[in-house]
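Note that the protein sequences, when read in sequence, are chains A and B. Start counting the first sequence at 68; every next residue gets the next number (the numbering used here). Start counting the second sequence at 800; every next residue gets the next number (the numbering used here).
Don't read these hints as lab results, they were simulated from the structure. Computed from a predicted model, the values in this text were never measured in an experiment. Beta carbons: idealized from backbone N, C-alpha and C, even for Gly. One or more of the hints may lead you astray.
Pulled a few chain B residues facing chain A out of the computed Cβ check, cut under 8 angstroms [unchecked claim]:
(1) 834
(2) 984
(3) 1112
Listed next, the stretches of chain B that the computed footprint assigns to chain A, with coverage defined by at least 3 CB atoms under 8 angstroms from CB atoms of chain A [unchecked claim]:
(4) 920-930
(5) 946-954
(6) 990-997
With beta-carbon atoms standing in for the labels, derived distance ranges [what the hints assert, rightly or not]:
(7) 110(A) / 1086(B): 26 to 36 angstroms
(8) 1111(B) / 348(A): 50 to 60 angstroms
(9) 931(B) / 190(A): 39 to 49 angstroms
(10) 106(A) / 1055(B): 19 to 29 angstroms
(11) 831(B) / 128(A): 36 to 46 angstroms
(12) 341(A) / 1106(B): 41 to 51 angstroms
(13) 175(A) / 1122(B): 52 to 62 angstroms
(14) 88(A) / 1054(B): 36 to 46 angstroms
(15) 337(A) / 1061(B): 57 to 67 angstroms
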Amino acid sequence: MRELTYAEAVREALRLEMRRDPSVFILGEDVGKFGGCFGVTGDLWQEFGEDRVRDTPISETAIIGAAVGAAATGMRPVPEIMFCDFLTVCMDQLVNQAAKMRYMFGGKAKIPMVVRAPVGGGISAAAQHSQSLEAWFTHVPGLKVVMPSTPADAKGLLIASIRDDNPVMFFEHKLLYPVKGEVPEGEYVVPLGKADVKREGSDVTVVATSLMVMKALEAAEKLAAEGVSVEVVDPRTLVPLDEETILASVKKTGRVVIAHEAVTRSGFGAEIAAIIAEKALDYLDAPIKRVGAKPAPVPFAGVLEKYVLPGTDDIVAAVKEII
Amino acid sequence: MEFSQEQLEAFYRTMYTIRSFEEKINDLFLAGEIPGFVHLYIGEEAVATGVMANLRKTDYITSTHRGHGHTIAKGADLKRMMAEIFGKRTGYCRGKGGSMHIADFSIGMLGANGVVGGGFNLAVGAALAAKLMGTDQVAVCFFGDGASNRGTFHEGLNMAAVWKLPVVFVCENNQYASTTPYRTTTSVENIADRAIGYGIPGVVVDGNDVFAVYEAAQAAVERARSGGGPTLLEAKTYRIKGHFVGDPELYRTRQEVEEHLENDDPLKNFRRQVLAASRLSERELAEIEAQVREEIEEAVDFARKSPFPAPEELFEDLYVESGEAACGK
Ligand SMILES: Cc1ncc(C[n+]2csc(CCOP(=O)(O)OP(=O)(O)O)c2C)c(N)n1
Ligand SMILES: [Mg+2]
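The following block holds chain A by itself, in its conformation from the complex (with noise of 0.2 angstroms):
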């Protein structure tokens, strides 16, 4: 099979769903002509146009209300925010406004907008560039939360995040977007709620997101050489969870580290956690261990940010604590 970037593989979602369907359209800084900080949105302003590719003010507030209020009256937008940090700006909007309307109304509003956004660390963007903030969506009613960690999962869940009718948080990873890997021609549909098992195992299962699935699936390389079978299972939306797919993993282990890059502290890891125990705790043979940022903002130093967020190794010694 080809193989693309986790950028392009974005671009091409986005491109097949303008193409099919003429309600799509994104908004966002520079993600006209420029193609998008990241260059995700590369060429889609050539193909589809100003109109459809859409350059903004630096206005958050405007960008996300203008996506609920278009999308409540019949488009289909896939607002960018440049970092997922400043999503704190629009919250309003995403958590008020996007979240709730059409509940409040009484199922009046249909609200489908992708609100994508690019998270996590390690290029030494310091504090304001660098969090992981998508426990904060899993928390409210109303939002979905995906987060693809291959780039043939980032093309079908942004196809069916786009075609889903609710208001999709969308977060991506700055360092996924070079990674390359196969993926599948035309529209290839990844449907929300349905994790994958990234490996096979049988000793330990780790459930990562996002980044931590390569640290896992790296991890998992280096315990098989000291004989430790790891499960990676990757739940790719955090809102809808795939519960079973997680439960019968750690039915089968009995032993079960939870990765993210996030600050461990109220992360979604908590909650993947507190199923667990709520649901399969007589199979396990071990405490649940997670794995994630330490308790503080990411520093500028390499040193400290190294420090503060996860990486392989401490999967590989969480894992060993528990077998």
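Starting from the known structure of chain A, arrange chain B with the ligands on it as the hints suggest.
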């Protein structure tokens, strides 16, 4: 207006320091000595220099992602700035902030900002504190043309106006917000025109002329200090370098930049004016330049020799320990 010899020398020293500091950062970044990304202030030196010459050490400023120039003009230590940009422990933020987050509260520099438009209301708050505490301090908020489209701009200007706070909003209109020419995202010709909506003075000034900036800022600062309320001051200037070092600059022609460099570079403008009026000589200017270059070399040397922070320092400064002075560092 008459400027003393001392003032003229100070203007040039500050502008030349910013220019050389930024050129050095450019080279160090390209050589791989500086991590992350850096936004240079080259071409906009007259704005920070002309505004800051009206401020006291106790006055406040809030800055942007393009903050080195403001920080230097407010009187910061070049060694600690350089060390911070290298991510060293001896830097202003102990290696935690980097280029985009330098602050020095001891000179009223309340921080650069990674979030565009994040500083408006911090300046409003500093001005409010000054008013509540009965001091005559002034707060100056620097921001870009792009930032003026954030909601925070509009909320901040209205609040400052209605409370008559001692704040000056200085828009550095350098024609671009990253790749976007401001005219394509802004509904008015001048950002200063928006002052009408808040009932405050809106002033447009040539941001490449340090004398013009000085005079316009003087009026705005005096107005703020004497209880007259805020001013929106727009300095028309130009970003000579890319949005960040490494920017391919596909959104403008090389010719546009060259023409600007030739005809409206604030340092060249200054030299032309003082030389024509025989106020400073080539020799005097060269002397300042030599001193500045030496200082910058010392700063680089200091940064290079300084240690990186240790991992254990991660949690330091996250919360105030009881008994610690508020702005101790
Ligand atoms: C809220 C927010 N949105 C977007 C960005 C990304 N960004 C950083 S600088 C910049 C352009 C800023 O333009 P302007 O305010 O004119 O300042 P300049 O860079 O020209 O000095 C953008 C869009 C950001 N840092 N914060
Ligand atoms: Mg600008």
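Violated hints, by number in ascending order, as checked against the structure: The structure conflicts with hints 4, 6, 7 and 8, although it agrees with all the remaining ones.
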